[in-house]
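Undergrad: Each chain is listed here by its residues.
There are 2 protein chains.
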Amino acid sequence: MVTRPRAYLAGPDVFLEHVTAIAACKKRLCAAHGMEGVFPFDEAIAERRRSPAAIARAIGAANEALIRECDLVIANCSPFRGVSMDAGTAYEIGFARALGKPVFGYTNVVADYRHRAERYRRLGDPLNADAAKSAIEDFGLAENLMIATATVARDLVRIRVKPGRELVDQRGFVRCLALAAKAMASSSRRRRGG
Amino acid sequence: MVTRPRAYLAGPDVFLEHVTAIAACKKRLCAAHGMEGVFPFDEAIAERRRSPAAIARAIGAANEALIRECDLVIANCSPFRGVSMDAGTAYEIGFARALGKPVFGYTNVVADYRHRAERYRRLGDPLNADAAKSAIEDFGLAENLMIATATVARDLVRIRVKPGRELVDQRGFVRCLALAAKAMASSSRRRRGG
Chain X
1 MVTRPRAYLA GPDVFLEHVT AIAACKKRLC AAHGMEGVFP FDEAIAERRR SPAAIARAIG
61 AANEALIREC DLVIANCSPF RGVSMDAGTA YEIGFARALG KPVFGYTNVV ADYRHRAERY
121 RRLGDPLNAD AAKSAIEDFG LAENLMIATA TVARDLVRIR VKPGRELVDQ RGFVRCLALA
181 AKAMASSSRR RRGG
Chain L
1 MVTRPRAYLA GPDVFLEHVT AIAACKKRLC AAHGMEGVFP FDEAIAERRR SPAAIARAIG
61 AANEALIREC DLVIANCSPF RGVSMDAGTA YEIGFARALG KPVFGYTNVV ADYRHRAERY
121 RRLGDPLNAD AAKSAIEDFG LAENLMIATA TVARDLVRIR VKPGRELVDQ RGFVRCLALA
181 AKAMASSSRR RRGG
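Heads up: the protein sequence lines correspond to chains X and L, in order.
Letter by letter, the first sequence follows residues 1 to 194 of this note's numbering.
Letter by letter, the second sequence follows residues 1 to 194 of this note's numbering.
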């Protein structure tokens, strides 16, 4: 029996309104591609009566344990509350890479990081979180180079979706999943000498 | 002879205008605390004539190698071009944690993550990078829980600085460095049975 690769489904999806439906959808799509989707679901932990700090630590440790158990990471790297992606997802990508696990990342926004950062500056630094003369990365990548170059494709898979649907549309995930399934099948064949 | 702990100095400082002066200042401060500060300096790599993508990959690999060589990470987690910290720095913290290295993080903004995300929403989602009914973490932490709970202090060291100076003021770094030096000296004594 060939065990299915387990994919940790990183992303800010956990914060979205219809997280349960999104998790179920992503897992079904993984199964259709011969993989098991593992979703960082926090509710079971959060329900126990503990301090907020203790709950946060338990969720962090649980997610790290899940990443260790998985064979790969598929990460939603669409911009989240800023020019860049969700910081927790960036953390998880770095965590997985240090363990040698392949990471596949996607974004539902096609613009380069540079264009998004320049737009932020044109908006007048609305969050007061920039420095006027700071350099803006210009490598033609979709995200900070540490993230983009850490992925198997050496940049994020980019999909253009309907404006306002960037965080809920699953087309970027589907495209990235197909890429991941193909890469995992290929590496599995190599391991079996096929 | 006791070798000095090597601290990887993560943060968006590499993008700031006076990066050379900042790097020198941080290294001097580390030396004054009995540590060697290792700065992710990219210029030597970027000077060679290669494609932007190849330069980005070389910088990413070089920074990962530096993290592997270091004993700890001190990370500037002040908000950068959004509600959250620099995504590349979040990646590096995750990378270091998977390798078991202690991480010390600071921010020059005292507000909880929740307050910053709520302010972003009040501004009308200026970057179109939020989902209207998405949940906002409320653990009383300074950053996404994966980041905050991954640090030795289980949250970022927070310092209030003069508005507009959040990315250049070194007071957060100094406070965090003192914490790191104390913790490293204490763990070194334990290792030597002192």
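Errors might be hidden in some of the hints.
You can't tell identical chains apart in this list, so a pair holds if it fits in one copy or across any two.
Unchecked claim - Here are the computed lysine-lysine pairs in the DSS-like style, where the Cα-Cα straight-line distance is at most 25 Å:
| hint | residue 1 | residue 2 |
| --- | --- | --- |
| 1 | Lys101 | Lys133 |
| 2 | Lys101 | Lys182 |
| 3 | Lys162 | Lys133 |
| 4 | Lys182 | Lys133 |
| 5 | Lys101 | Lys162 |
| 6 | Lys133 | Lys27 |
Because the hints were derived from the structure by calculation, they are not lab data.
Undergrad: Compare the structure with each hint and give your call.
TA: Hints, verified against the model:
Taking CA atoms no more than 25 Å apart as the test, Lys101 paired with Lys133 passes in neither setting, with 37 Å inside one copy and 33 Å between copies. Proximity of Lys101 and Lys182 under a CA criterion of 25 Å is satisfied intra-copy only: 16 Å inside one chain copy versus 34 Å between copies. In this homomeric assembly, Lys162 and Lys133 come within 25 Å of each other (Cα to Cα) only across copies, at 18 Å, whereas the closest approach inside a single copy is 33 Å. For the identical chains of this complex, Lys182 and Lys133 are neighbours neither inside a copy (43 Å) nor across copies (35 Å), given an alpha-carbon limit of 25 Å.
Taking the closest pair of Cα atoms, Lys101 and Lys162 never come within 25 Å of each other, the shortest separation being 32 Å inside a single copy and 42 Å across copies. Proximity of Lys133 and Lys27 under a CA criterion of 25 Å is satisfied inter-copy only: 23 Å between copies versus 44 Å inside one chain copy.
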